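Protein chains in written order, with our numbering: chain A, 1 to 825; chain B, 1 to 253; chain C, 1 to 410.
Derived by calculation from the structure, the hints in this document are not laboratory data. For clarity, every value in this text was computed on a predicted model and none was experimentally measured. It is possible that part of the hints are untrue.
[Said to hold, decoys possible] Below, in silico cross-link-like pairs of lysine-lysine (DSSO-like), each with a Cα-Cα straight-line distance of 27 Å or less:
no., chain 1, residue 1, chain 2, residue 2
1, A, LYS794, B, LYS113
2, B, LYS120, A, LYS109
3, C, LYS294, B, LYS50
4, A, LYS51, B, LYS113
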Amino acid sequence: MSEPRQMNRRDFLKSSAVAGVAVTGGGALVTSMGTGAAEAETRAMPPLETKIVKSVCHQCPARCGIDVYVTDGKVHAIYGTLDHPISNGKLCPKGHLGAYILYDPDRFKGPMMRTNSKKGRDEDPKFKPISWDEALAAIASRLNALREKGEQHRFAIVHGRGWGASDAGLLGDFGKLYGTPNGALGHSSICSDGSKKAKAALDGNYNYNAYDYRNTNYLLNFGAAFLEAYRPYNNNMQVWGHIRTKSPKTKVTVVDVRVTTTGAAADHLLLVKPGTDGALALAIAHVILAEGLWDRKFVGDFVDGVNHFKAGETLEPGTFKEKWTLGLIEWWNTELKNRTPAWAAEITSVTERDIVAVAREFGVTRPAMAIFERGPTTHTNGLYNGMAIHALNALVGSMYAVGGLMNQMGVPYGKLPVKADEFMDDLARAAAERKMPRLDRVKTKEVPLASNNIQGIAQSIVEEKPYQLDTLMFYLTNPIFSTPNAKQWEEALKKVFVIETSPFPSETSVFADIVVPDHTYLERWQDTPTYPFQGWPMTGLRVPAVKPLHDTKAFGDTLIEIGKRIKGPMGEHYKKLGNVENVLRHLAKGFEANPGDNGVNSFDTWVEKGVWYKKPYLYRQIAGEFYEWDGTDYRRPMSNQEVKSKLFPTESGRFELKSSYLGHYGEFISERLGIPPTRVGFPQWLPPKYTGSGDLHFITPKTAMHAEGRSANLPHAVALYQPVSGGRNEMFLEIHPETARQRGIRNGDRVRISNELGAITARAHVYPATRPDTVVLPFGFGHWAHGRWASSRKTGNGCEIIPNVSEPVSGLASYYTVKVKVEKA
Amino acid sequence: MARWGMVIDLEKCTGCQACTTACQMENNRLPGENWQDVLFYNEGEYPSGKLTWLPRPCMHCENPSCVAVCPTKATYKTEDGAVLINWERCIGCKYCMIACPYGVRFYAEEKQKTQPDIRKVYPGDSGKMWNPPYRMPEHKRNLKWGVGVQPKGVVSKCNFCYHRISQAPKGTPDLDPNDPKLRDFTPACVVTCAPTARYFGDLDNPKSKVRQLIAEKRGVRLQDQTGNRPQVYYLAGEAATIPETRSVRRKQS
Amino acid sequence: MNIATLTTRSGLPLLDFNSRPDPTSAFMMLAGAIAGGIGLAAVFINLFLDGHAAFNTSSDMAWGAPIAYYLFFLLTSSGLTIIASLDTVFGLRTFYPIAKRCVWLAIITLVAGFTILALELGHPFRMLWAMPTALQIYSPMWWMGALYSIDLVLLCVKFYLLHTENWNSRLTHHLSIVSFVVCILAPGTLGLVFGMMAMRPAWYSPVMPMYFILTGFMSAVAFVVFFTSLLRRENSAAAVVREHRRADEQLLHLYDMVLPRLFFVTLLAVIAMRVGQIITGLWSNYEGMEAHWKALESPLFHIEIWAGFILPAALMSTNALRANPKMQLLASVLFMVGIFSARLELLIVGQQVPLFKGYWADYVEYTPSFTEWMLVPAGFGIFLFLYGAGNWLLRLSESRVPERLPEPAH
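Chain A extracted, bound-state conformation (with noise of 0.2 Å):
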């Protein structure tokens, strides 16, 4: 690989000028008596030269552009980059740490094997050091007998949240080649599946949001923690920032079930029972419809222009004339007539007051933005629960208005060399025929909506359905510590050959048989292209700051180089295309026809800038007409079927209140939810099913001190877990004073949450805004191997007592559905 090309800066910093400095307060005395050895010290060193590197932060989703502070070779500061619109030159509480990460002492030094054959949370796996040669070879022979038994399919690659094409994006085509259906297993249905299946069954987009937050005027925030983990918080706390203290301020209501800073920096917190969200937001729309609040231009009008919508009376269908809205009076029929706030009241145990104070603000405010997370869809009812808020962004017309919801643009990236579909030899395409289900039984009768369902492998390979796996490989995905059921996961992976390639110790290490730890994230070259920001297309590029400090290897070169060691085409594909930096070099080539708003036109000029990206977003909504930017202004009117194929792909073409994609999986959910086929397109109350034997929900939120998994082995991060559950250097379980006394608890002592699949202990805090029926205890904390302060914290996992259930049609786990016993232990 070739030195990237960094800004240099001459630090003006003379050393005389250091040692010169007359110390001013305490007189010239101080000054002369201060002569030490420090001086002397500082006189004879030279000033080194520092260079600034524009990287890409690697703890949380969000793609910060940072600056990397190197100097003689050590990296001793990381900042925002100034020119890089998601950072801006700030940074979260985590990317500072990001140097801790990449001098992390518990790092893995190099690929190493494991001689310890019998496996086990206690086994020590008694690595011993090889070569890559050998660690490649070794990988390759065995995907190499494999195939040529013609049992691909039991290799997977089971990878958590990828950066691009440089990474995660090989692996299609890895799995392609070599002829498995494995190759790609990701963990969407462990993160955030359900808000992209709601929206996708509404307004047609299966995907996450782009938001201009920063023209809106209410934020309607169901249980997304704006700011602590939701994406990209660094520029969300900097959209707080301006819309806090603009004028109009903008006003903020957040739904959550328990108290965050985002709750507390809002206007209103309402701490909603786990699992109704659905039921508040239907009662907001219920209010917004019979109160007239809605947006006239984008939903339409009583053909009279009257407003028939009264509580319990149902209206005929030919009474109102919908523009891009499809079903309300249906839906409105069928569901909302009766959702008062009444009703939402009982359920939801936020007051009739509050209900309808909030959906009078919402209703009223325009531009107003309902936005949604894991907090109300990582349930049984998520889908709907999602559903029910997003057609909020309906009502208040929000839809790719000004201070609305957007779609995220593709990059304009340039072809690789190679061609896939040119490499494919008849092992791979005998594989292809052979139609071999999924490990995890997606797009079968099982899963069949869902993209993924990690969550599920373990029990695949327990029980050797749909097939007994042979070779596993993860990367960036700890599933044994993150998914529900994890303990399950280390039955599995005594059964299979594990392939790590952390550059960290974690749980899934202890069981690997091969460990081939990838670079951090200073260290490597990879493409980031933006999750769903503004709508404008972006992509970042991660530039090594340091040479690699360790014997490790960037993971997509691994998988290349593992590819080049496979018999057959397969092999002369990888060789063509070479490495991470040469598929980067192609990618960056579509910029030199789409040059950046930063001059960002070629590979040199994407490494100077650490970003490409094309503004303006090409679309908008304005009083309820499409337009597309002309060059200077949004003034082409969109024809409905542009609008049909680009905003809305829905059957109909518009913002569906009866989805017609869940239309069609009637049955389905009719089998798996218990809805009746005809009612199953409708936004609606579905009552969440808890799961656990226990009488308190337990919550686990991500906090804003969890890295990607990394956080927990940072020193200074465990100091710093903070606001509720976090103190300094422990997580606790959050309570309430009453639910605590009841049982004998005190502020402090040890607790055992428990529940039909076991028990973990952690220490109480007893805090009294915790809603009396839910307790909290933040995920990421109860590591048992995964360095060495991550695993000294004595705070358990909570995702070993989270059972394993699913919303059946998004994917997602029920994460939040669960409850347990809490007692002192």
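On the provided structure of chain A, position chains B and C as indicated by the hints.
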């Protein structure tokens, strides 16, 4: 000569603690040795529990009680308004820690609250308390200003990133981190503050943004009754409160 | 020059190596050497291994047990100097027999206190140049350091003068006056070190100097009662007479009447003052004062009040009890334990309510670490060894009935 001061807008502050970590990494602090800390306060009960927070750097007081009590003049006030510790004069008597009404000082040579002790992982040499691999380049370290990895047996605290602000062009009214020319002279916490809750400028310059904010948004100083007259001002806004000094839970179940 | 051959004016050896140490002195030197050796060794080893992390002090409880021990020794020292001045300054002849012993006790308590402080400071040797060159007149600690340094020098000179039989010289008298002033100012400024800290409400008090002077004096009385009653283990006037090489009513009067009464009366004053503090603390709503309530949970508080103050006051409440050397011994030991607890309790109470540490900081809990506890044998070991040595070599019971008193200054 400027008289540097800071304004913190509590209405914008999100309590994220990026100021804390930016400071820790810039200044090579130990875990929990939060020169710039964010303090959380709780009051009330479900469903109306109140959670508030207060970022707390050193106040760099006009009349610093820590300077007055220091028997060796190791703690001193610079002409441009910073309160610094000369680590070559500090004898580690910790009287300044007693005398600071804002609890901003640390004597890091103590039992580490975050175990395992990171100093054992990166042991110090040549008088350094520890030696993290990501430490500040040696030529920037300045013991007279209390900048960089600290020696053993001395007291430490926020120095307004004196190694940065002391290099700012003379006469600058405000150190705005969004100005590429001034960014590297601005304190780390101000540079990184995502919601722009922090402003840093010359309190003696009537045209500075900090003076303007203090006037328009009625900036207040913490614990004004002490007479220390902090050079860090808070804007409480409508969404925020200045919490109590000491938060000891008197009611516990 | 052989130190053993130096003599005083009247030909007495400067260091009296001729006599064998009496059993008490020998025991004290041995016990002191062992305790001090073990204590210092433990402290040095732990400081070498862990630095000040060997202490349980923290940034929230910056001053802990070592400072409490330091206070204990230094305030006692000042009190002893006051007692020693009662005769040499004010001409209260009654106190002549114990004057020299008090000066020696004052010196060695200072030495023990300074040794402990040196082990507590981050850079004790730096202090030697940094404090004199700083001239920080705004710092009570600077004055405290300066005054106690002067105090030590004056005490040494005074002891030398007494030891060389300059009991009645003008120099001795004037020096004693200066020494007396310094020994009032020194604990006074030590009181100011705490009392001026408005940000520490539990300490903030203009009477803190007075409290320090008074309790210092009280512990000095206890020390004197303790060490003189040791001389009378046989509970006989004969022992006293033998020790002082003289027999008069005055001497017995001092031991049986004056010192115990002084003990009792001073203790009542201490109790009155302390009760005022406690009531103020418990009553006040002011932030930081809740530490006084927290103190009620601390055993230190109860040792101080009940064992240290109330019980000794009861033991010294009647003439009969007061004249009983065993009761004197018991009362003085109880008070010393009590005031030792009180010093630590005072340190904690001022810092227990954390300043600007937020919700996650509860009352700062503090118990001394092993290393900090080992400073106790270290300090007392040094003290005992030096006391035993002084008792053996320096004729501490020596006093001369003055032929003529210096004219009172008009």
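These are the hints, each one checked on the structure:
1. A/LYS794 - B/LYS113: It holds: about 14 Å lies between the C-alpha atoms, which stays within 27 Å.
2. B/LYS120 - A/LYS109: holds (20 Å)
3. C/LYS294 - B/LYS50: Status holds; Cα separation ~26 Å.
4. A/LYS51 - B/LYS113: violated (35 Å)
Of the numbered hints stated above, the single one contradicted by the structure is hint 4.
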